[in-house]
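2 protein chains.
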Amino acid sequence: MYSFKEIQEIVENQLSQMQIIKEPEQLYRPIQYTLESGGKRVRPAFVLMGCNLFRDNITDAYFPAIALEMFHNFTLLHDDIMDNSTVRRGKPTVHEKWNSNSAILSGDAMSIKAYELLSEYSGDNFREIIRLFNKTALDVCEGQQMDMNFENMKIVSENEYLKMIELKTAALLAGSIKIGALIGGADENNAQRLFEFGKFLGLSFQLQDDYLDLFGDPEIFGKKIGGDIVSNKKTYLLIKAIERADEEDRKKIQALIEMTDYEPEEKISRAKVFFDKYSVANITAEKIREYNELAKRYFEDVTVEKKRKKPLLEVAGMLMNREK
Amino acid sequence: MYSFKEIQEIVENQLSQMQIIKEPEQLYRPIQYTLESGGKRVRPAFVLMGCNLFRDNITDAYFPAIALEMFHNFTLLHDDIMDNSTVRRGKPTVHEKWNSNSAILSGDAMSIKAYELLSEYSGDNFREIIRLFNKTALDVCEGQQMDMNFENMKIVSENEYLKMIELKTAALLAGSIKIGALIGGADENNAQRLFEFGKFLGLSFQLQDDYLDLFGDPEIFGKKIGGDIVSNKKTYLLIKAIERADEEDRKKIQALIEMTDYEPEEKISRAKVFFDKYSVANITAEKIREYNELAKRYFEDVTVEKKRKKPLLEVAGMLMNREK
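One line per chain: the protein sequences are A and B, in this order. Using my numbering, the letters of the first sequence map in sequence onto residues 1 to 324. Using my numbering, the letters of the second sequence map in sequence onto residues 1 to 324.
Just so you know, these hints were derived from the structure itself, not from any lab. Any given hint could turn out to be false.
Identical copies look the same in the list; a pair holds intra-copy or inter-copy alike.
To be verified - Here are the simulated DSSO-like cross-link-like pairs (lysine-lysine), alpha carbons at most 30 Å apart as the crow flies:
hint : residue 1 : residue 2
1    : LYS251    : LYS233
2    : LYS91     : LYS224
3    : LYS163    : LYS306
4    : LYS272    : LYS310
5    : LYS97     : LYS163
6    : LYS233    : LYS97
7    : LYS135    : LYS272
8    : LYS163    : LYS22
9    : LYS267    : LYS135
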């Protein structure tokens, strides 16, 4: 059994062994740049650890793991264009450093390279794996489209929001661990339990993101507190505040989030008054706990020896109790 | 054996049977719109006809054929963003009709849908097919990158140019017919001969595009004559003119193509003087003939009964002697 740290080392090692740069360099340099920007490599780790639950030798899962990391980074690259983001992981985004056309095309190449890496897998269930990957990849696009749609919607329901994060964030984590499990030889029941485990972890992860934006410890969180409020993002916090507010407050909240002439600090503190009044911190924390419990339950139901579960439980614990 | 016309009907029929629109509609409407814009459907036709060379029942190739059309339309969609094109096949491009973010994301979904369609194929050689598709898809991206690079280059060599069109245009035609052949049960030798046939047809097709831009019959060609000159595009004509010109003329040509304050008509007629002086029409026509001959030779070498080759020979003849 590999620990999470060992798994991360395998991922970094595989990534650095990949020969990415070739002609035309202008296509491949942004890909290398994006992959070198780091991150926790949770998705490839999930592929490898999902596999490791069921067998000791996980080399068959190396390329599929890197494929998932490649795909994830492709979505970040294109999302950054769509969101006009200029910085990612402390470095200029690709469309900032190069240009938008370069970011579009190198992103396209990354999504194809993800399939190229996946196609290195030669197990009997290759077709099943690739179909699951297709479904997952399309889910992520649908989630991103819903997220874009929300920008032009006055009211987003809780269900719409949860569906969006399920597609945009949770699907890829769920797909990663299920792919790993299937490569490892899991039966369909166990593979599906792990899918649900990954999905609820992903939902919890994203809600924590929303929560920490306003209620995180600024020194640990690393980002400016209240960024989502300043940029009028439809988060779980905001959706719950609007849903629970009386009519008068609802109008005030909606007027407030559309304001652009406030000082950021003032906008945040005014919003926080409503969020506190309607206890959205507690409500969100409760929802996070609910998802964490569901994730744990599905994980418990996976029929492998308890000791094999230890490393994944450790990662899950980390993801369930984020401080940043 | 199916005629080209029957094959085109199968393609249209398959395309219209596809249930594309689902939630979120904003993601899928641009896909439907793009696929409905028509075109000759040469790539899916090549998949089906490549298959039909080797067997009568070609239903196994239906989904892969549509996959190739989906992928081709994805590349057009993203290319149109990169080239700032506002019109395609007489209709507003997706980023014009919707917006650039929509075009990026729907394009991403199309490339995944191409894989989804390809993954409907269940033959024993599925992995071989998908790996060939990956390679082809990446070739197209590399070709597009080279084409973008050319915009910032003063001099492009003939070899660089031919490499670019081989990747950007010819690879997809070559890949399409080889995929069809492999689905039809062709051995590797025949499949590779058809790949070369498709490649040289593609090269010829693109050179004819360059040729017709200046020397086509305006009434048949359907586009404004000289568009490539007005937009400073590095075409085979221009590359040969610069290569063959004496030093004085070379400087004049290079100064001319960078000019933006000419009236289009004047710029075209001035460029044409040099193109005529250095016989680039003849030279290009000769290169086209050379590629057509190579395509024919590879096709002749395919070891199937002569009568099975008739429909593809007809299409090839059409592609080799374009007037528009």
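Quiz item: Hint numbers the structure violates, sorted upward?
Solution: Hints 3, 4, 7, 9 not satisfied by this model.
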